[in-house]
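Student: These protein sequences, in sequence, are chains L and B. So the first sequence is numbered by this note's numbering: it starts at 1 and just counts up by one. So the second sequence is numbered by this note's numbering: it starts at 1 and just counts up by one.
None of these hints come from the bench; they were simulated from the model. Accuracy of the hints is not assured; some may be wrong.
[Unchecked claim] Calculated cross-link-like contacts (lysine to any residue; reagent style SDA-like; alpha-carbon spacing at most 25 Å): (1) L/Lys275 x B/Phe6; (2) L/Lys83 x L/Gly51; (3) L/Lys275 x B/Lys49; (4) L/Lys216 x B/Arg258; (5) B/Lys259 x L/Thr252; (6) L/Lys216 x B/Ala143; (7) B/Lys275 x L/Asp234; (8) B/Lys216 x L/Leu178; (9) B/Lys216 x L/Gly138; (10) B/Lys259 x B/Arg248; (11) L/Lys216 x L/Asp234; (12) B/Lys216 x B/Arg182; (13) L/Lys275 x B/Pro207; (14) B/Lys216 x L/Glu251; (15) L/Lys216 x B/Phe6; (16) B/Lys259 x L/Arg43; (17) B/Lys259 x B/Leu231; (18) B/Lys216 x L/Gly127; (19) B/Lys259 x L/Gln166; (20) B/Lys49 x B/His129; (21) L/Lys259 x B/Arg223; (22) L/Lys259 x B/Asp76; (23) L/Lys216 x B/Gly206; (24) L/Lys45 x L/Arg281; (25) B/Lys45 x B/Gly127; (26) B/Lys275 x L/Gly131; (27) L/Lys216 x B/Arg87; (28) B/Lys259 x L/Phe6; (29) L/Lys275 x B/Ala143; (30) L/Lys259 x B/Leu231; (31) B/Lys216 x L/Lys259; (32) L/Lys259 x B/Arg256; (33) B/Lys216 x L/Lys45; (34) B/Lys45 x B/Gly138; (35) L/Lys216 x L/Ala282; (36) L/Lys216 x L/Arg281.
[What the hints assert, rightly or not] The following label-pair restraints were derived from C-beta to C-beta distances: (37) B/His134 x L/Glu59: 54 to 64 Å; (38) L/Leu150 x B/Glu179: 32 to 42 Å; (39) L/Arg77 x B/Ala173: 26 to 36 Å; (40) L/Lys49 x B/Leu178: 23 to 33 Å.
In this text, a Cβ means the ideal position worked out from N, Cα and C, and glycines have one as well.
Protein chains: 2
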Amino acid sequence: MSAPRFKRVVIAGLGLLGGSLALALKRRRLARRVVAWGRNLGRLKPALKAGLVDEVSVEAACAAGADLIVLCTPYDRFEGQLKELARVAPRGCLVTDVGSVKGAEVARWHRAAGPLRFVASHPMAGGEHTGWRHAQAGLFEGAACLLTPLPRTDRGAVLAIGRLWQALGMDVALLSPLEHDRLVGRVSHLPHAVAFALAAAQAQLGPAGDFAWAGKGWFDTTRVAGSDPDLWADIFLHHPRRLDAPLRAVETEIRRLRKLLAARRRPQVLAWLDKAARLRRATEQCRR
Amino acid sequence: MSAPRFKRVVIAGLGLLGGSLALALKRRRLARRVVAWGRNLGRLKPALKAGLVDEVSVEAACAAGADLIVLCTPYDRFEGQLKELARVAPRGCLVTDVGSVKGAEVARWHRAAGPLRFVASHPMAGGEHTGWRHAQAGLFEGAACLLTPLPRTDRGAVLAIGRLWQALGMDVALLSPLEHDRLVGRVSHLPHAVAFALAAAQAQLGPAGDFAWAGKGWFDTTRVAGSDPDLWADIFLHHPRRLDAPLRAVETEIRRLRKLLAARRRPQVLAWLDKAARLRRATEQCRR
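The shape of chain L in the complex, shown without the other chains (with noise of 0.2 Å):
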């Protein structure tokens, strides 16, 4: 399959992804002339000066002429946007986002996006540095990326975006809106809550000063729980019981876990974490 080449594509919203998109696509030669859409013309400028992007601007108007726009602005926002773009872009313009939560809304972004043809992606790529200034050409490679598009969607546009994401280095797979948030529940926001969970404890627990002496485990088990609390409260809030279950699952390990060691029982604590560890070693044979 050979890579698409778009003409004018509008970024919406230029973070860390919209930032490390706008890179990829220019280093890739996949668009012609990539364009900042956003909501303040301060913040933008730097982006066009630093040669991140050919143009900026904070009307939706700069989607006429456009051949892809993709929405890396937080999810709340995707419907209003979508239905402007859906005014001033042309018929048939591809159009996908980069949000981390799908669910029922997917058929309302459809709808939202009218005449335009939408295909709602995720790429599962990010960090815990937020701004265009930490983006980086290589953020999507060897990574994965689900796109979740309903009976309805158009193939030719499914197609298209799965190229997209191709071109740029990423394991491309097709899943329902809600399998992906089923799967991205357990996979990556259950890491993230326990992660924050395990900071906010230590919060109570002793001075900060203490971590000089902690080694790459406490740096790496919480790493995420550096990430942006803005993105996490909206991505958190999205299905506010989905991470029930799973959060009460780890509540019940860490209380198990205590009452092995109360009861000295080195047997089971040692086949407690052995069960862990297996589990750890089998996840990280599906690593990518």
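Using the hints provided, position chain B relative to the given structure of chain L.
Tutor: Leaving out everything else, chain B in the frame of chain L:
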């Protein structure tokens, strides 16, 4: 300060740490001859063949003529090994260890070491892989090493052992054995326990194959859950009550998050995430 030079170094237990120590001593020309003392000659011989050490032995007598002995075995064997060594090693020979727990045992180890000059060390380096085949000469570089001398420990020996770890690229600090255990419980054992609990919970939640779609978040958060269960059973059971309160603090924070989500309270969810992210970032400032 000039780096120490040893004529004959005995490493008891040739695992990841013992093997890395052998490599590092050779690489930095700190030891003329490195001897691995173990229990199973068949398992030691490949390390001799690989050139990792100059000599292998299953007899404590290999410590005759040694000027440095480093215990890299599980800590519950230290006492017996020190008694054996005290009979064969030269009077005043420097002895240290790489164990993760100290506490009241340090005084016992001193007694067992008799006329040898013992100084307890905890180089805070390691990894989820075990065995000398994963040894790295740079394992200790840039990491912290905590020494836990007693008031009666020979000052010259403390200096010499401190210089040894410094020569391997480590930052050395002195702490009492109890303060060491409190600190390490907080910055190392607790993150390990939580990572194990997260992995244990995942073993109930669905197939490991789901993690083909996991990003770096999962793999980093649980990296240490792939560590050696035997080693961690020993560490956790050393002070079976020490982790109880910290683990309960993590349970409390998980429960708090569940309640805030169930109540759909965005400002409170955001404040909770923000507190956690701020603690995490404050610890990053202390990172060496």
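Student: I want to verify a distance hint. Is the separation of the beta carbons of L/Leu150 and B/Glu179 within 32 to 42 Å?
Tutor: violated (59 Å)
Student: B/Lys275 and L/Asp234 were given as a pair; does the straight-line alpha-carbon distance stay at or below 25 Å?
Tutor: holds (16 Å)
Student: Taking 25 Å as the top limit, are the C-alpha atoms of B/Lys45 and B/Gly138 close enough?
Tutor: holds (23 Å)
Student: Decide if the proposed pair is consistent with the structure: B/Lys216 and L/Gly127, CA atoms, cutoff 25 Å inclusive.
Tutor: holds (9 Å)
Student: Regarding the pair B/Lys45 and B/Gly127, is the alpha-carbon distance no greater than 25 Å?
Tutor: holds (23 Å)
Student: Straight-line Cα separation of B/Lys259 and L/Phe6 no greater than 25 Å?
Tutor: With a Cα-Cα distance of about 46 Å, the restraint between B/Lys259 and L/Phe6 is violated, given a limit of 25 Å.
Student: Between L/Lys259 and B/Leu231, does the CA-CA distance stay at or below 25 Å?
Tutor: Holds: L/Lys259 and B/Leu231 sit about 19 Å apart, inside 25 Å.
Student: Would the pair L/Lys216 and B/Arg87 pass a check requiring their Cα atoms to be no farther apart than 25 Å?
Tutor: The given pair, whose Cα atoms are some 38 Å apart, is violated under the 25 Å limit.
Student: Does the beta carbon distance between B/His134 and L/Glu59 stay inside 54 to 64 Å, or does it fall outside?
Tutor: Once the Cβ atoms are compared, 56 Å apart, the range 54 to 64 Å for L/Glu59 and B/His134 holds.
Student: Checking one constraint from the list: CA of B/Lys259 to CA of L/Arg43, max 25 Å. Satisfied?
Tutor: Violated, at about 37 Å.
Student: What's the verdict on B/Lys216 and L/Leu178, does the C-alpha distance respect the 25 Å limit or exceed it?
Tutor: Since the Cα atoms of B/Lys216 and L/Leu178 sit roughly 22 Å apart, the hinted pair holds (cutoff 25 Å).
Student: Holds or violated: are the alpha carbons of B/Lys259 and L/Gln166 at most 25 Å from each other?
Tutor: Violated: B/Lys259 and L/Gln166 sit about 40 Å apart, past 25 Å.
Checked against the numbered hints above, the structure violates hints 1, 2, 3, 4, 11, 12, 15, 16, 17, 19, 23, 24, 27, 28, 29, 31, 33, 38, 39 and 40; every other hint is satisfied.
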